[in-house]
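K.L.:
In case you want the letters, here they are:
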Amino acid sequence: MSGIANHVEVAPAGVAQPARGGLPMLLRRAPERIVAPLIALLLLGAWEFATHVLDVPEFILPQPEAVWSALIGGLSHGAFDRGGYWYHAGITVYESVAGLVLGSVVGAVLGFAFGASRGLERSVYPFIIAFQALPKVALAPLLVIWFGLGFNGKIYITAIITFFPVLIAALAGSHAVDPDRLDLARSCNARPLQIMRKIVIPSAMPFLFAGLNVASALAVLGAIVGEFVGARAGLGMLLIQYDQAMEIAPLFAILIILGIIGFALNQSIRIVERRVCFWAQRRDLTSL
Amino acid sequence: MRNQTQRVEIETGVPTQPAGPILSARNLTKLYNAGTAREVVALTDVNFDIFPGDLVSIVGPSGCGKSTLLRALAGLSRPTAGSLLIDGEPLINPGPKAAMVFQQPVLLPWRTILDNVMLPIEFRELPIANHRAHALDLLASVGLAGFEARFPHELSGGMQQRAAIVRALVQDPQILLMDEPFGALDAMTREQMNLDVLKLWQQTGKTIVFVTHSITEAIFLSQRVFVMTARPGRLAREITVDLPFPRGLDVINTDAFGVNAGEVRALLQARSEI
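Heads up: the sequence lines are chains C and X, in that order. Number 70 in this note's numbering belongs to position 70 of the first sequence; there are no gaps in the numbering. Number 1057 in this note's numbering belongs to position 57 of the second sequence; there are no gaps in the numbering.
Careful, some of the hints might be misleading.
Said to hold, decoys possible - If you want a taste of the chain X side facing chain C, the calculated C-beta under 7 Å gives, among others: (1) P1090; (2) P1094; (3) F1123; (4) H1213.
To be verified - In silico lysine to any residue, SDA-like type, Cα no more than 25 Å apart, as pairs: (5) K198/C with H1131/X; (6) K198/C with H1213/X; (7) K136/C with V214/C; (8) K198/C with P1109/X; (9) K1097/X with V214/C; (10) K198/C with L1114/X; (11) K1097/X with D1137/X; (12) K198/C with P1173/X; (13) K198/C with R1111/X.
Calculated directly from the structure, the hints in this document are not laboratory data. Every residue gets a Cβ at the ideal spot worked out from N, C-alpha and C, and that includes glycine.
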């Protein structure tokens, strides 16, 4: 019995090993490289099926081909051509990134200041919580009145929306600093500003980047909302125009571009994070 | 001058004690949550004198206040009552005379070993260039030559703690305060580290105050052992260890060592039975 079992076990292991290198191996090692494209293909197939076989009307769901040609058409203009997507995408990216930078800097400075001073945290934090409870999208019309149809209003809306997650992250990061590190600094007569610069801020970096990741997703939202309310340019303005003209295919094309912008913004944050917090990542790896 | 005279004393093999104590505690008391219902007496009525070049261990069970005492000596925690003098002056804030080695290496993971070692110099705003050379020498002296540019996670636990000791030494303190620095290391590494501390003490003549809960480690690393007992944290007695220097690990098996260990154990047990 055991002899047969052994025989059966040993033979395929020896023979099958080289043959196994292909698909099953990839499925086990990196299933995402097979499954993710499959999901994309499935969604595209469902889309084709809905528009061609089920005949969903074009003003509800345009055909993938129509969206594709709208996308190609819109992208075939120059960067400064108001008739193309590049120009408007550039403006929306500019507003998102400038707003994200402004909001993050304010959020980080406030967060670290609160982290350093309990008194300040207790005095100012309630106001920030109250402000945060406000749906900030509701502020967009006001900001457009204050700052006009140009970039500034959109940058401020984005900043207002993005500063809170960064503030929370910086505050949590300052509270989470290993007390031993603070003792070490104090035992060397470190001044508060030195402790902030050399211990607290670097220690809090992984927290800060978690906040920045959230904020980066909100940044495009801020810019688009601002453009909805009133703008001369930007993808949000284009969306409203196509919506009113019932041109659904280019509307979908813009949604795709917005998705790509959001993804790219998030990925850039991750790349910076990997460089700045290289030590945190390595520690994760060694603990695995 | 002072350093030189100390070195000479060490070389004769019998460190003698110059006049004034470098650390002196009188009726030292530390309360946590003083005046509230949750008041805890961490230390009560602690008295001792430690002289320049002394090698002293503080041993006791968890919660006896030995770490609290060491933190007070480092200036990290202020006593509630009593006086603490360092070199004849009241100890109020952390100063350059004493440097601390913690239970954990507490190396900053984003700094290289050399940059970690230089951290106190940066904090104290001392000239970087000449201290850098000093730091490299010290790193080499503890077997970390070639690891200056590595990051802490690339080093073993023992190597990390060596780097932490170098970080304390780079400030050239007169007193080295060590708070159970080898508790997290395996037994073999720990023995080697104990030998290294003895070597360091003999070569530099620094005053070393070493906190531990290991009786063996306390006696091996001492001329005097302060035995502390818990609830409230008190200094029960001081035991003089008369084992000759230099000491090797074989000293642990001698009768004299056993007698000392018995004394310490008896003190600790007598207290825990109450």
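K.L.:
Does each hint fit the structure? Answer for all of them.
P.N.:
Against the structure, the hints come out as follows:
{"no.": "1", "hint": "P1090", "result": "violated (16 Å)"}
{"no.": "2", "hint": "P1094", "result": "holds (5 Å)"}
{"no.": "3", "hint": "F1123", "result": "holds (4 Å)"}
{"no.": "4", "hint": "H1213", "result": "violated (18 Å)"}
{"no.": "5", "hint": "K198/C with H1131/X", "result": "holds (19 Å)"}
{"no.": "6", "hint": "K198/C with H1213/X", "result": "violated (33 Å)"}
{"no.": "7", "hint": "K136/C with V214/C", "result": "holds (16 Å)"}
{"no.": "8", "hint": "K198/C with P1109/X", "result": "holds (12 Å)"}
{"no.": "9", "hint": "K1097/X with V214/C", "result": "violated (47 Å)"}
{"no.": "10", "hint": "K198/C with L1114/X", "result": "holds (15 Å)"}
{"no.": "11", "hint": "K1097/X with D1137/X", "result": "holds (21 Å)"}
{"no.": "12", "hint": "K198/C with P1173/X", "result": "holds (22 Å)"}
{"no.": "13", "hint": "K198/C with R1111/X", "result": "holds (10 Å)"}
When the structure is compared with the earlier hints, violations turn up for hints 1, 4, 6 and 9 and for no others.
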